[in-house]
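Protein chains: 4
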Amino acid sequence: MSRHDLKALRVGVVGGTGYTGGELCRLLLGHPAVGTILPTARGAGSFATTHPNLLGSGLEFVTVDELTEQAGELDVVFFCTPSGQAMRAAGRFLELGAHVVDLSADFRFPSPDDYEAVYGKRHASPELLAEAVYGVTELNRERIRKSRLVANPGCYAITAILGLAPLLAHGFVDAGAPLSIHAVNGTSGAGVTPKKALMHAEVSNAMLAYSLEGHRHGPELETFFRALTGEPVEVDFNTSHGNFARGIHLQANLRLTREHGRDELLGLYHDFYGAGHQKEHFVLVVDLPKLGELNEKRYEIYPNLRGVVGSNFCHIGLDHDARRGITKIVAVTDNLIKGAAGSAIQNMNVALGLDETLGLRSYAL
Amino acid sequence: MSRHDLKALRVGVVGGTGYTGGELCRLLLGHPAVGTILPTARGAGSFATTHPNLLGSGLEFVTVDELTEQAGELDVVFFCTPSGQAMRAAGRFLELGAHVVDLSADFRFPSPDDYEAVYGKRHASPELLAEAVYGVTELNRERIRKSRLVANPGCYAITAILGLAPLLAHGFVDAGAPLSIHAVNGTSGAGVTPKKALMHAEVSNAMLAYSLEGHRHGPELETFFRALTGEPVEVDFNTSHGNFARGIHLQANLRLTREHGRDELLGLYHDFYGAGHQKEHFVLVVDLPKLGELNEKRYEIYPNLRGVVGSNFCHIGLDHDARRGITKIVAVTDNLIKGAAGSAIQNMNVALGLDETLGLRSYAL
Amino acid sequence: MSRHDLKALRVGVVGGTGYTGGELCRLLLGHPAVGTILPTARGAGSFATTHPNLLGSGLEFVTVDELTEQAGELDVVFFCTPSGQAMRAAGRFLELGAHVVDLSADFRFPSPDDYEAVYGKRHASPELLAEAVYGVTELNRERIRKSRLVANPGCYAITAILGLAPLLAHGFVDAGAPLSIHAVNGTSGAGVTPKKALMHAEVSNAMLAYSLEGHRHGPELETFFRALTGEPVEVDFNTSHGNFARGIHLQANLRLTREHGRDELLGLYHDFYGAGHQKEHFVLVVDLPKLGELNEKRYEIYPNLRGVVGSNFCHIGLDHDARRGITKIVAVTDNLIKGAAGSAIQNMNVALGLDETLGLRSYAL
Amino acid sequence: MSRHDLKALRVGVVGGTGYTGGELCRLLLGHPAVGTILPTARGAGSFATTHPNLLGSGLEFVTVDELTEQAGELDVVFFCTPSGQAMRAAGRFLELGAHVVDLSADFRFPSPDDYEAVYGKRHASPELLAEAVYGVTELNRERIRKSRLVANPGCYAITAILGLAPLLAHGFVDAGAPLSIHAVNGTSGAGVTPKKALMHAEVSNAMLAYSLEGHRHGPELETFFRALTGEPVEVDFNTSHGNFARGIHLQANLRLTREHGRDELLGLYHDFYGAGHQKEHFVLVVDLPKLGELNEKRYEIYPNLRGVVGSNFCHIGLDHDARRGITKIVAVTDNLIKGAAGSAIQNMNVALGLDETLGLRSYAL
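Keeping their order, the protein sequence lines are chains A, D, U and W. Numbering-wise, full-length UniProt numbering puts 190 at position 190 of the first sequence, and it's gapless, one number per residue. Numbering-wise, full-length UniProt numbering puts 336 at position 336 of the second sequence, and it's gapless, one number per residue. Numbering-wise, full-length UniProt numbering puts 9 at position 9 of the third sequence, and it's gapless, one number per residue. Numbering-wise, full-length UniProt numbering puts 79 at position 79 of the fourth sequence, and it's gapless, one number per residue.
Next up, chain A with everything else stripped away, as it sits in the complex:
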């Protein structure tokens, strides 16, 4: 495909000033097929002031109007905007031939009513919902390959989906009670707008529980899980911010339809995602032995943010509380990469017919 030649792609990033927009620019700078990156910003603001880590990259902000003027020459447009903007602006870019990957929630619900129920506003482009594909690449790859419009999943949602899909797809989960999911996110997940509750002196050494009455990624999960299993699935979704800037550490506690031991379940996950990078490059099963050399219990046998932050990987581990019959899944991702910008590029790669791992092969620090 000629337009995918080395450094040939032209890409817009609507909403380039936040953490997700910045991370997308960083990853696109290292993408071998991307040649032009146009991030947008509203006000003046220099790029290097906003994203000091990208000093030297030569990137500069354009306005949305300037980007729209060039729409006809863009291959891909990413939206890193608050809910409600992409659904108004995506159509224009699609018409002019660009692929759109929306990192906001605007196209995550197939039904406009579901969107409105969760986000509290009428959907502006319900006609586009039908062609939007929910971008969990590992599970929707074929549909993404044919799509022009990808709805990138929420950072919590994709972590939960990758962690639970093997069990749900096999019908192993007892969905009689809500699936219990607890996720701790880095503070970058709360955005760049200064708030007292998110100042360093406030969060440092603490955890900040929020949205206990129900986080908006709960219904997003329920919608996807229903599509995956063909049955209604309730999710008890719990969120907080931890004392770290990046990463989602998620644990799901499930009752299975019948008992399976730890090794058996690890085997199931290996079959589903492949061992090493053989099948799914970005999803890795952590199956470290529970006992160390001296037959002592080991401390670090479950996945850990250290293994993924800075990368597009999702690490998954699990254990089983035999006494109470509860299976526990631990899944970790970088909320800004696999949870946002990395997945978005992975989806772009698939949609454009490129090698899915292009620009995304870095391991975690």
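Note that these hints are calculated values from the structure, not bench results. Please note that the accuracy of each hint is not assured.
Quick list of in silico lysine to any residue cross-link-like pairs, SDA-like style, CA-CA up to 25 Å [stated by the list, open to error]:
id, chain 1, residue 1, chain 2, residue 2
1, U, Lys297, D, Phe47
2, U, Lys7, D, His277
3, A, Lys290, D, Tyr119
4, U, Lys290, W, Ser83
For chain A, the structure is supplied; the task is to place chains D, U and W on it using the hints.
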């Protein structure tokens, strides 16, 4: 009571080199009724090297033998030792008239078999179990008042108990499924022995899930909850270490026997623990309004470690996910104070007939 | 003195919403001679929302006007206000008989011109400067005892002064070149106003150097050092924020007028401040041996924030680079306690003739 | 050069279990010219347990003996070993035709006596010192291009050198007094061996000053600066660990031979290193304006670890304290990348005639 005169009490701290032992010494130094503190250590080691925060206190380590020789003149002996030591040594101090507060697990189970099932060793002094009182001061005050031997609860356990007691005591909790409890502890909870998994460069920016197959405080909770409610209660207890040195941030998700709104439940907690310090000095209900001045959702309405670390307080808040019928309790404590040394002193105060808050009135930093 | 009876003192805290005001309230709540605390705030705002750690204390905000109306019945008024406010309002409280301790910079310079040179505004009450005493309690105790108006030192300044005073007072320092001082402060030192640069996701894992062209505590130090030594002393003062909420870790590198070894200098500091709490209760010299049991170099022989955060102590250690003839002083304090609210109470205690350590005896966590 | 074809290079990493060895493996995995990576370890130990971030990479440890057997087929051998090992083993690999990049201190001093003076042991291969090139790529590029043996600089040293070279090379620095350098390093810089002082609960929220009597990178700097300027240069070098896992935040305070303003000096640095990536790809000058849009002083105008951690970049900024005539340089690097593994690969690239930036182009997170 003459022996409780200002600075008259003589106190031993068996196991004075760890974080709990150090914290106990720190609090005892500020206790108006305590005059002599004798912490024990095995090797040489200077006190100020081990506990640099207590530089200037004049405290020095003695050996256990030296402490035992003075047993007849001790008013109280605290055990901050690994499981298995207090059950061998406590008897001697009790015989000579000292009160014993054991911060290890040795006297937490009324039945020696239950102890053995959880801790994997035969109990050495089963005859003492009958008179040991489980030291959740707020719920066992009268029994502690008459006891010579207090089994101080585990740090996780006491946080969970204080958080759930009002609902359990009123029979509001549907115990048909295990109670789901997730708790994140500071790294001081893992002790002072150097381990790679707990080095700063490893834990910083991560969370360390552990004991997913079942933490030992689970059975401790089940034992107490059964005593409290008169019925079997299963607990699904999940633990991890967070990127902070001190504190337990605990969340319990429950189904109630019938629906209660947030305000109604906050009222129940206020009735149970009192408002302000009126009834229970150390348990405070956080009932901040969910909306701020501009009718915006507020970010910090649930309890937070900032409110309790450095103090003997437990802060409790809650919310209700009406859509899924799940009530969520958030309880936070300082794992080394309310979760260990502070409770131990509170129990000492009660057992000796002193004002319960003596030496424990500091607010969190 | 009858008015200093148990819980008899009435105290105002002008500017009670910031970190310093909150910390002052926290310490005053534990002060045995203080009975009434009146913190002021401008807007509505509940006290427990602003200072969740003081939940249950019963404190409530009043307006400055309400406080002023009660001025005649106040024993002490603390100002925790931005520069420029205390110099306008302090006079009124002094007239009505209250002592004033100003934690802002308004009364730190004896000369109104010096104040204007550093803070860029004309001094509003130059007539009060003559009676203001600079509140380094350890060095100005006798003057504070007789004063009505104490200018509490800056947090950086007091840490530097306590760290260097023994050498300066003995004329050991070669003042031919500026004294080189580097200090890292917690983020609470930057105040509560939300700023992007101080958000958790920004500061976490980094350091934030600032005011390299000259911090305002530099001239404050030069003024005091000149008064102490009788000679001009230049200070090269360097500041940054570290990845912690509280505490100042300060290092000064000096050339002495002649060589002194580590032990000799430690002896000098012991003589100056006393060993243990014998002479100066709140200043402790850390003189741990440099080699451990196995003759290995020890890692933690210099003072460390862990030893002081949460307390009114200043820990001081030192070393000597013999090859280059440079003496290095390390001094650590809690920026909100010894660096602000604790010193302010210490000064109040002295000015009112109370035991200087009242309400301040807690050791660091 | 045929052997440098895509994925053709075979590389050994002696000492693959520490943080530096792991980081080297991580970067080599992303290097387009490297096909085989052989990290060594002493004991059993699985690679994924030691470096969970490299799960899925397929790397496995070999023993040093196994590596030595393959020496004839290796293109490059990196030493990530404690001081004293590379000087014994490097010769063998050189003889068999491999390039050697030593990340330890063994070949950093041209004179064996200087090595012995600093590291306390006799040099085992003094004959190799003559051909070893000190690997600050930016300043020694031509010599590295012709060398077989590169002595990779210490992490502190390279940060200081890049920060000061423009001034020193131009003879702007008044070397009459020791150059004052203060550097804060992440805890990964202290290695993986568990030590109590470096446990999370100890370092979190503190700083750990060490080696105040003189750090070993001081003489390393003095040796290089003397070579650079042709004159003796004394360095007052101060080190500590901060509450972060990675990165060096370094500040140097200098007196110049005559006064230069901030802008003038920034211009000098731009000339020396180039703007953007034009001249030196990995050294970037941060020249943000000191005032923001509303003419307010800006908080974040100096380099910050956020800008470099995870990358091979060094960011440099500066300011001038005109009142005291002191110029201040701030330089930041990732201690494990530009300070170790990244520089080592950069040197490998140069020595093998590859594009210097291969495998190193990632921006900071």
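Tested hints:
1. U/Lys297 with D/Phe47: With Cα atoms ~19 Å apart, U/Lys297 and D/Phe47 stay inside 25 Å; holds.
2. U/Lys7 with D/His277: holds, 18 Å
3. A/Lys290 with D/Tyr119: Holds. A/Lys290 to D/Tyr119 sits at ~18 Å (cutoff 25 Å).
4. U/Lys290 with W/Ser83: holds, 22 Å
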